[in-house]
Amino acid sequence: MSSQKSNQPVLEVSDLSISITPKNDSPIQIINNLNFTINSGERVAIVGESGSGKTVTAMAIMQLLDGAHYQGSIRFLGEDLVKKNERELREIRGGKIAMIFQDSLSTLNPIMKIGQQITEVLMIRGVNRTSARNRALTLLSELGFEKPLTIFNHYPHQFSGGMRQRVMIAIALIAQPQLLIADEPTTALDVRIQAEVMNLLNDLAEKKRLSVILISHDMGVVAGFADRVVVMYSGRVVEQGGVQEIYRKPKHPYTRALLNSIPTVNRDPACDLPFIKGITPEPQNRPSGCVFSDRCTQVQDLCKTTSPEFTRIASRHEYACFFPGNDGAV
Amino acid sequence: MSLITGKSFISNTFYKKVKWLSFYEKFIFAAIIVILLTAIFGGRLAPYDPYYVNLEDSLLPPSSKHWFGTDVNGRDLFSRVLVGASSSLLSTLAVIAFAAIVGTILGTGAALGPRWLDEIIMRISDVAFAFPALILSLGFAAALGPSLSSAVIALALTWWPGYARLVRTYVIEIKYREYVDAARMLGVSRNRLIFRHILPNALINLYVQITIDVSAVLLVISGLSFIGIGAQAPSAEWGALVADGRNYILAGSWTVVIPGAVICITAVLFNLAGDALRVINDPTLLRKGEK
Amino acid sequence: MAKFVLRRLAMVPVVLWLVATLVFFMIQLIPGDPARVAAGRNATLEQVQAMQQKLGLNKPLVEQYVSFLNQTIHGDLGTSIFTFRPVLTDLGQVLPSSFELVFAAMLINIAVAIPLGVITAIFRGTRTDFALRIITLLGATVPVFWLGLVLQYLLGAQMRIFPISGQKPSGAQIERITGMTTIDALASGNLPLFFMTLHYIALPAFVLSTSFIAVSARTLRSGMINILDSDFITLARAKGISNFRLILRHALRNAILPTFTILGMQVGWMLGSTVLVESIFGRQGIGSYATTAVLQKDIFAVIAVVLVMGVVVTLVNLLVDIGQKLIDPRLRISDA
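Quick mapping for you: the protein sequence lines, in order, are chains A, B and C. So for the first sequence, this note's numbering puts the first residue at 1; every next one is plus one. So for the second sequence, this note's numbering puts the first residue at 1001; every next one is plus one. So for the third sequence, this note's numbering puts the first residue at 2001; every next one is plus one.
Where hints are given, some of them may not hold.
[To be verified] These stretches of chain A come out as covered by chain C in the derived footprint (C-beta under 8 angstroms, 3 or more residues):
| no. | segment |
| --- | --- |
| 1 | 92 to 100 |
| 2 | 118 to 127 |
| 3 | 293 to 300 |
Keep in mind the hints are simulated off the structure, nothing from the lab. Ideal Cβ placement from N, Cα and C applies to all residues, glycine included.
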């Protein structure tokens, strides 16, 4: 799935906790004690339901959360992003770390020509107009567009969702970043286009030695793309490990429940699709003890009072649960 | 939503909202009530006869005897302002009442009626928009002779399209909401549907526009009187008062400053009230920083 | 795009014709006998009848309509009862001055409202925002004529910063080319004189613009707030764009459309409001011309004014239409 890895981690998130303080109110802890690393060329998927904190984490890496208070560090190529000033961050955004979003129609500027939106990334970095244009056109043909010039001169609303998503990828990759964050890139697309886009990302990541963070709640898409998986729930990591281990030997009850709820071809259609009862709690209403305790099917008394520490089993497979499942695939 | 109890739905939520008014809002609404009362009873509260000419007392500055001073004809300005409140405000309200009623009828008709009716009404309102209010008033003044009534008629005719469009938009939006279909399915008759379900919900927002319009129309009417094609002398309409004092501003600036300030303050109050009503109606606006 | 513009331009004569027709109908609705008014107050019965003949009021409606159109196209808008000159000539005298005033007031409007709208949007909720919005609220609710008088008194008479009235220093001779004192002064090459005419137009233009600034700024503020909260700004920030560029190229360009439309509508309203400002500052213009015409019952003049206003507003609307499509490509769908 991925090529060779070098030694220094591209991204190192250590003990990251994020809180925001709304006006006239007490601070809310959105993210608690996040720890994960991404090595060069690696593809890590962050999964979880809505409200788990996946997008917040992505925005935190880009330092695009306004008014947030950070504890811990986010090291990119050795340097802590939390400590950087706005000017330094602007150089990094788009240039070293790039992001693509879920809804291409609302995230592309509707009244700017596509070509301009792509070349802008280079031109603010001092590249002149002609070479920016050429690079953009080359990249667009790499991305599978047969007539890059046409795309260049038109507007986002004139194209389909799949094509717009590729435009977003072009914007992200034009300045040759080392880390790409893809926030639910295929959620708004239909299945066939989903596959195309994911294949495209796959090829590009290979060719350009990109490290990728894929954020998704679609366990199917994740299985075909990621090397490692980080499972988040309500602002915390509950389990993380290699994709094989997570899918074959999930330990945390939440991970198991997520995997259970994927519809599969050989499932009995007469049975109800299993789902996780309840909804992700608001940050203010988290249960005491284990954060999953109010929805866990295997909850015990201990879970309600104490928050479990991480248990490491294989290299880089760890989970936080007192009563993990021990059997194989569920 | 308000399936069965169309009417009580409105009063319920309105009173609930009113209960939580801040001091600022209560102050504004109280001030407006005072102004409206002055408009109705102003004449009787005036300490002096607002029309009595007494050249000996010409252009006296404000004092304890004449709170606002006197104008060039020796008439007490405070009394004139009080009496002028009726001219200014009642004519303003007349314009708005006409515009709102006609606009609502036509707007509802356009929204609920056949397509051709909609087209006609919309074209007419487009045309009305093409002529600025002041110009149309000039036309009417030419035909009917300048007077406060011709100004009122002219303004009413220019103002109704705004309401027609607004009401049309509201009604169309309500028309397509589910609960109307639900009521229809239950067999509610067409008229009942219109009057007890669609209209009340559509019109709930109209009072915001009305309040803000009081401010706008007042400014136009006083402007017309100022240039001489609205209220005629010896009317105490506020705009006319400013015109009266205009040539004597050097000798007695209060004759201009005070009536104008009164217009300004009234306009500001109604404007703020409209804003306050808007927020009361839809508190989500506060989140977006709308005050 | 070019096709669209041409098509729009081709519509112009049609629209003008519609406006003329409309005015004709409005005239018919005027109560009273136009012949009587035209003949003058003290006209005798024979004179009124003669006027009826002259105005062709005895002919069938359709004929009247046709001759009305005919006359209008040829620029014959009748003769002023008051000045005894063709109305068109009189209008030609005063119209440029009003255009000049509206143009200056629009410049001030745009130059003040846009930064105001942007700043209050970016700094929303802070004290700066609050203070600025109070100021603009006052601008909107202050009666224009009163503001004019007060400023004229304070800044003109008392503090002597601005001239009290007129369009140029008395005694100065400016050769009349366009009828707009500022342009004519510029054209004559006399720079100091040009600056003086600017000095004269400054206060009236400012007074005229105040209420409009409030509305435009408020519209822009709302638009900006919506845009700043939207998703594509997030993407733009993720590209590493500086804040300045972000606001200008991305946010403003997207938010400006409704403001642009409002500005277009304001041209017409401003033209109508010139009447309040002109008499105070002793300027010539369509406003004072129309007011005098009304008071003198100079019916042809009034009709002409209404006609001209309708034409101007319609033309401006057309320009706004074209401009809208230039700003927002999504509106071009029907012509693509």
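Verification of the hints:
no.	hint	in the structure
1	92 to 100	holds (count 6)
2	118 to 127	holds (count 4)
3	293 to 300	violated (count 0)
The structure is inconsistent with hint 3 alone, although it conforms to all the rest.
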